[in-house]
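Residue numbers (our numbering), protein chains in the order written: chain A, 1 to 113; chain B, 114 to 228.
Calculated from the structure, these hints are not laboratory results. In this text, all values refer to a predicted model and were calculated from it rather than measured experimentally. Please note: incorrect hints may appear among the correct ones.
What the hints assert, rightly or not - With a straight-line Cα cutoff of 25 Å, these simulated DSS-like cross-link-like pairs (lysine-lysine) come out:
no., chain 1, residue 1, chain 2, residue 2
1, B, Lys-127, A, Lys-100
2, B, Lys-155, A, Lys-100
3, B, Lys-179, A, Lys-100
4, A, Lys-77, B, Lys-179
5, A, Lys-100, A, Lys-56
6, B, Lys-179, B, Lys-127
7, A, Lys-49, B, Lys-154
8, A, Lys-56, A, Lys-77
9, A, Lys-77, A, Lys-49
10, B, Lys-133, B, Lys-155
11, A, Lys-110, B, Lys-155
12, A, Lys-100, A, Lys-52
13, B, Lys-155, A, Lys-49
14, A, Lys-60, B, Lys-179
15, A, Lys-77, B, Lys-127
16, A, Lys-77, A, Lys-52
17, B, Lys-179, B, Lys-154
18, A, Lys-110, B, Lys-127
19, A, Lys-77, B, Lys-154
20, A, Lys-100, B, Lys-168
21, B, Lys-168, B, Lys-127
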Amino acid sequence: GNSVTQMEGPVTLSEEAFLTINCTYTATGYPSLFWYVQYPGEGLQLLLKATKADDKGSNKGFEATYRKETTSFHLEKGSVQVSDSAVYFCALSDTSGTYKYIFGTGTRLKVLA
Amino acid sequence: GAVVSQHPSRVICKSGTSVKIECRSLDFQATTMFWYRQFPKKSLMLMATSNEGSKATYEQGVEKDKFLINHASLTLSTLTVTSAHPEDSSFYICSANQVTYNEQFFGPGTRLTVL
Chain A
1 GNSVTQMEGP VTLSEEAFLT INCTYTATGY PSLFWYVQYP GEGLQLLLKA
51 TKADDKGSNK GFEATYRKET TSFHLEKGSV QVSDSAVYFC ALSDTSGTYK
101 YIFGTGTRLK VLA
Chain B
114 GAVVSQHPSR VICKSGTSVK IECRSLDFQA TTMFWYRQFP KKSLMLMATS
164 NEGSKATYEQ GVEKDKFLIN HASLTLSTLT VTSAHPEDSS FYICSANQVT
214 YNEQFFGPGT RLTVL
């Protein structure tokens with residue numbers, strides 16, 4: 001079945017450091033891939049998405065490229081800010097027609113001033 | 114963009130009572146909505162798929178008599194936690210599938226605390 005594997009957290013970085021959060025997936029067919037962010041006490045916000053191989057999603061300085069050859073969708077940001085502290089979830093859309101999403105376990109990011 | 118609301122945002126209830134949570138798609142119609150449960154510092158667990166005009170499809174291990182789902186219109190799904198107990202305390206999040214974008218849009222979540 002389809003699955004998402006996300007790097008374990010927490011990740012602690014200093015402000016302006018480079019961020020990478022790894023995400024790999026297993027899927028039949030061609031799923032869409034997503035990164036969501038969740039701030040404390042809030043719901044999920046879509047950060048970026050990619051719908052086909054080699055697509056790059058980007059938003060608010062974050063980027064991720066849909067790599068079919070490595071089945072990866074790693075999240076990157078060149079310079080993190082304290083306000084980026086949150087939990088980040090990688091997800092894929094199920095390819096069996098159910099519209100379900102499969103989520104990774106989430107990675108908590110803490111950025112220190 | 115597509116907006117999904119949830120009501121209430123927080124609810125505290127006594128053990129044994131039932132609680133209803135509403136999920137609305139505000140600017141689009143959604144034939145399919147989803148209900149998730151999130152434990153503290155954990156990922157989202159899909160509870161069920163809510164289908165407009167038909168019965169919900171529950172994930173394995175989710176008690177359908179405990180978590181009643183009704184999707185009576187194209188913009189509203191409700192989750193009723195029946196005879197709530199402290200172990201039902203959790204963060205419940207809904208999402209609605211927007212067919213045009215083929216994407217789920219998430220509500221802000223409901224924090225349920227059962228005393």
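We went through each hint and held it up to the structure:
1. B:Lys-127 / A:Lys-100: Not OK: Lys-127 of chain B and Lys-100 of chain A at ~33 Å, beyond 25 Å, violated.
2. B:Lys-155 / A:Lys-100: holds, 19 Å
3. B:Lys-179 / A:Lys-100: holds, 22 Å
4. A:Lys-77 / B:Lys-179: Violated, because 42 Å separates the two Cα atoms, which is more than 25 Å.
5. A:Lys-100 / A:Lys-56: Cα-Cα ~22 Å, so holds.
6. B:Lys-179 / B:Lys-127: Distance of about 16 Å is within 25 Å: holds.
7. A:Lys-49 / B:Lys-154: Holds. Lys-49 of chain A to Lys-154 of chain B sits at ~23 Å (cutoff 25 Å).
8. A:Lys-56 / A:Lys-77: At roughly 13 Å apart (the allowed maximum being 25 Å), Lys-77 of chain A and Lys-56 of chain A satisfy the hint.
9. A:Lys-77 / A:Lys-49: Answer holds: Lys-77 of chain A to Lys-49 of chain A is near 15 Å, not above 25 Å.
10. B:Lys-133 / B:Lys-155: This hinted pair holds, its Cα atoms lying about 23 Å apart.
11. A:Lys-110 / B:Lys-155: holds, 16 Å
12. A:Lys-100 / A:Lys-52: holds, 17 Å
13. B:Lys-155 / A:Lys-49: holds, 22 Å
14. A:Lys-60 / B:Lys-179: Given pair Lys-60 of chain A, Lys-179 of chain B is violated - Cα atoms ~41 Å apart, limit 25 Å.
15. A:Lys-77 / B:Lys-127: violated, 45 Å
16. A:Lys-77 / A:Lys-52: holds, 21 Å
17. B:Lys-179 / B:Lys-154: Within the cut-off at roughly 24 Å; holds.
18. A:Lys-110 / B:Lys-127: violated, 35 Å
19. A:Lys-77 / B:Lys-154: Holds, because 23 Å separates the two Cα atoms, which is no more than 25 Å.
20. A:Lys-100 / B:Lys-168: holds, 16 Å
21. B:Lys-168 / B:Lys-127: Violated: Lys-168 of chain B and Lys-127 of chain B sit about 28 Å apart, past 25 Å.
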